[in-house]
Structure formats: structure tokens, C-alpha cells
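Engineer: Turn these sequences into a full structure, and let the hints steer you where they fit.
Residue strings, one per chain:
There are 2 protein chains.
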Amino acid sequence: MGEADGAQSVTAALVVIGDEVLSGRTKDKNIGHIAERLTDVGIDLREVRIVADVEDDIVAAINALRQRFTYVFTTGGIGPTHDDITADSVAKAFGVGIDVDPRARAMLLEYIAEKDLNEARLRMARIPDGASLVVNEVSRAPGFRIGNVIVMAGVPRIMQAMLEAVLPELEKGRPMLSRTILAEAKEGDIAAPLRAIAERFPAAVIGSYPFRDEADGRFKTNLVVRARDVDLLEAAGDAVAQMVDEAARG
Amino acid sequence: MGEADGAQSVTAALVVIGDEVLSGRTKDKNIGHIAERLTDVGIDLREVRIVADVEDDIVAAINALRQRFTYVFTTGGIGPTHDDITADSVAKAFGVGIDVDPRARAMLLEYIAEKDLNEARLRMARIPDGASLVVNEVSRAPGFRIGNVIVMAGVPRIMQAMLEAVLPELEKGRPMLSRTILAEAKEGDIAAPLRAIAERFPAAVIGSYPFRDEADGRFKTNLVVRARDVDLLEAAGDAVAQMVDEAARG
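Chains as they are written, first to last, in the working numbering: chain P, 581 to 830; chain F, 581 to 830.
Be aware that a few hints might be false.
Because identical chains cannot be distinguished in the list, a pair is counted as satisfied if it fits within a single copy or across any two copies.
[Stated by the list, open to error] Here are the simulated lysine to aspartate or glutamate pairs, EDC-like style, with alpha carbons at most 16 angstroms apart:
1) Lys800 <-> Glu744
2) Lys695 <-> Asp769
3) Lys766 <-> Asp696
4) Lys766 <-> Asp793
If you're looking for bench data, these hints aren't it; they were derived computationally from the structure. Predicted model, so just to flag it, every value in this text is computed and none were measured.
Structural biologist: Structure below.
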């Protein structure tokens, strides 16, 4: 992925923090959304890790990934309950202190009456030293950014608002463009000419995704050509489309 | 997750191999299924990584995870096209050779006429030295198991068949049981008594999952108690249910 023109790309990893996803109780809805939005704006999502609500695991994932990618996003674990340990884990990963942040506390008070701002809710204003806040238009409790790590909520509606709030301030690369060509063929029947095209266009990324068409029960293949350069995308895409046509004519 | 009684547990990690998931084009459907099935049978899924179709990334993920967990499952990248590099990557991770396996070739011939078994399709019979095969009742091309690593297809229907084929031969622990209690309350209003219960039952795992109820637009909370011991589950679950009742009565 992006190997061919990786040097100029802006990259990201995502850490999903959540026992509930690993146990299968909750089906994650954030990975697909974040993957799409980052691709749209020209940030290449290169790796996702789903880890448990365990401090050592969160710290290890963040420290491994923040060295390797331009940005690391996290989702989950920033609420008011005992199992919300993301902010403390991020502070530990960076080796900095953490305390109630007056700016975050003021944001909470826009939504929560002062009498309801109990000790548990005040935990949502605990922000690692040196972090900037990521606003949350839905329920006010902010995310934050420290270094290249961006910490967001796990509730999809809130996460999406935070992502839109932070995207404008991030560095972007040339967006990866893509073109999908449907082949009414099993991938094994077109694999050889497809490989030849992939070798002819080494700077494009060509993927082959077989699926079973529920309408007629047959296995078909989506061929996806990706490139940052529109001329390259067109040339490689046309080559694939022509190959698919020829294969259909037998 | 499972920290309290982790010593007796059987653990797993999952590596999802797929550019198409990282680009957002395809929404993964395998993680949730595998998480549920492993939980059912008593294998704790502890980490998931989604990596690109890049050999170095696949090798690094497999080698990092196979040291740490009882089993590592992979999905994706075992088809006939140029971008299917999982089998070669796994062979490299284990430092073993790889070639067309006569058993796997025979399986392919149950489904594919010999004249259609072209060079591309024969790639699906390339199996690392020393691996055992995982049968595929859907389209025959097998997965495989080498050491504690189990390699499966990415197409959900085929992956599911392979998972069911391999599960009977795996070691299992005591299944993690769970009980979900719905609180018609924001989690910030019940966080303090919930923390007290979590501290009273350190061997249970108690999670709090806020969500917005689309029916009435209100934020509510699912409280999930998990334990391997049924008596512990009942005691901790009853404590949470009683707390939720008391909170509702104000």
C-alpha cells in the first residue's frame, strides 16, 4: 500500500481501545468511517490495532505506532467511568503528568450544570500536560492532541464530530485516487493478465477482491486501481478495463 | 480484559490483511464474527491488527503476536492474484520454505477442472513447509496452520467455514460469561457507584458503554459484567442491577 510513492505520503495509524469490540459484543463502526475520511483528505491509514482496556497494552500500541506514522488516532476510553483509562495511558506513553485542565472543565460546564459536575464527570477534563484540546460539538467533553497522537471518543457520533474538528489542522498528502472495475469472472481466470498489468504500472496499486454475488450466487471480482496521479490512474484503469472486456469475450 | 484471571486463559490475536479495509473501500465483516466465536468457545481475543498488503508489515505483525498469544489468526491474501502474499509472508515469518503442496493441489482439483488449474490458481496450493491444511468446504482452496498461526481466507463465507473447521482442534479455556444491564442514565450519573462495585469484585471485568438511543435521542449506558465464574457473574451482576434500580428511583 503506497509503497511505490510512499516517500511523499502523510500516514496514520488508528488504535481502537475497547474490550467490547474484542469480545464481539459491540461491532466497531469507527474504523470504516475513519479509513474513508482519511483517504478522502490525503492521509494514508496504514495500520489499525484494536487493544483491550489495559494500560500496558494501550501504552505499548501508542508508543510503537507514533514513531512510525505521521499521526496516530485513538478511539474510546475517555468517558467518566473506571474503565476509561485512555487519557492516563497516553500521559504515561509520553511520560508527562495529567490533571484536570481548566479549559476542558469550562467546556464541560457549557453542557453540564455545575451541580452535576461530579468527580466522575470531572475525569473527562483530565488532559495530559502539553496537550491541545479537540472540541466536541455533541456533548462538549473534549478529545485532545499531544504530539502526533489524537485522542477521540468511542461513541461514533462524537468521534465523527471530533475527527472533523481536528482534520483542518493536520498535514495532508496528495489523496490516493481509486477506480473500481467489476469483473464478472472468478479472480483465478484473470489473475495472469492482471499481474502483467500490475507489473506494467508499478507505481499504481492494483487490488483484486473476490466476492460472491448474492443475486446470482456466482463468484465475481472487484478490481481496484489506486494511484495519486490522475493520468496514471486512468492509464492503469483503462488497461484493467480492457483486459476485463477481453476476458468476458473469452 | 481478563487481567484478573488471565493466567488460566487461552488467548488469541487476529491479523486482518487488507489494503481495502485500510482505504475504507471495504468494511470488514470478519473481526466481529471471529471475536464472537472465539469468546463463545473460551478463547480470549486480545488484540487485532489490520495491516496493508505489504510483506514486511505482515511478517512483523505475525512475529510480534505469535510470541505473545496462544494463537494468531489471519484473514485475507490467500487467493490467486499478485496481491495475495499472505502464504509467502507467513513462510518468511517462520523462516521456512514454501511450495505447491500435493494435498492442497488435490483439494483444488475437487472443485476446479484440471484444465482450469492455471498457474495463478495453483498459487492457492502454495503452503509453507510443515504446515497442516485447514479445509474449506465452500471453494476448496485450503487455509493452513503452522505452529500457532492459523491462516484463513478473507471472503467472510469462506473464512467462517475455515474457522469452524479449525476450532475443534484448538485448546480452549473457560468461556468468559457476560451479563448486560441497561441503565437509562448517562454514565456520568452512575460512574461513582459503578467504580465501587468494580472495586468490590476485582476478578470480574465491568465495562460501561454509553450510547445514544435513536428512539428517544437520549444518552443511555450498557453496563457489561464479565467473569468466567458463574457465581461471581451473578453476584457482580446483581450488584450492578441493584445500583441501576436505585439510581432510577433517584
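Engineer: Now, for every hint given, state plainly whether the structure supports it.
Structural biologist: Structure-based check of each hint:
When the C-alpha separation of Lys800 and Glu744 is checked against a cutoff of 16 angstroms, the pair qualifies neither within a copy, at 36 angstroms, nor between copies, at 24 angstroms. For the homomeric pair Lys695 and Asp769, the shortest alpha-carbon distance between copies (12 angstroms) is at most 16 angstroms, but the shortest distance inside one copy (68 angstroms) is not. Taking identical chains as interchangeable, the C-alpha atoms of Lys766 and Asp696 lie at most 16 angstroms apart only when they sit on different chains, with a minimum of 11 angstroms there against 60 angstroms within one chain. For the identical chains of this complex, Lys766 and Asp793 are intra-copy neighbours only, at 11 angstroms inside a copy versus 43 angstroms across copies, given an alpha-carbon limit of 16 angstroms.
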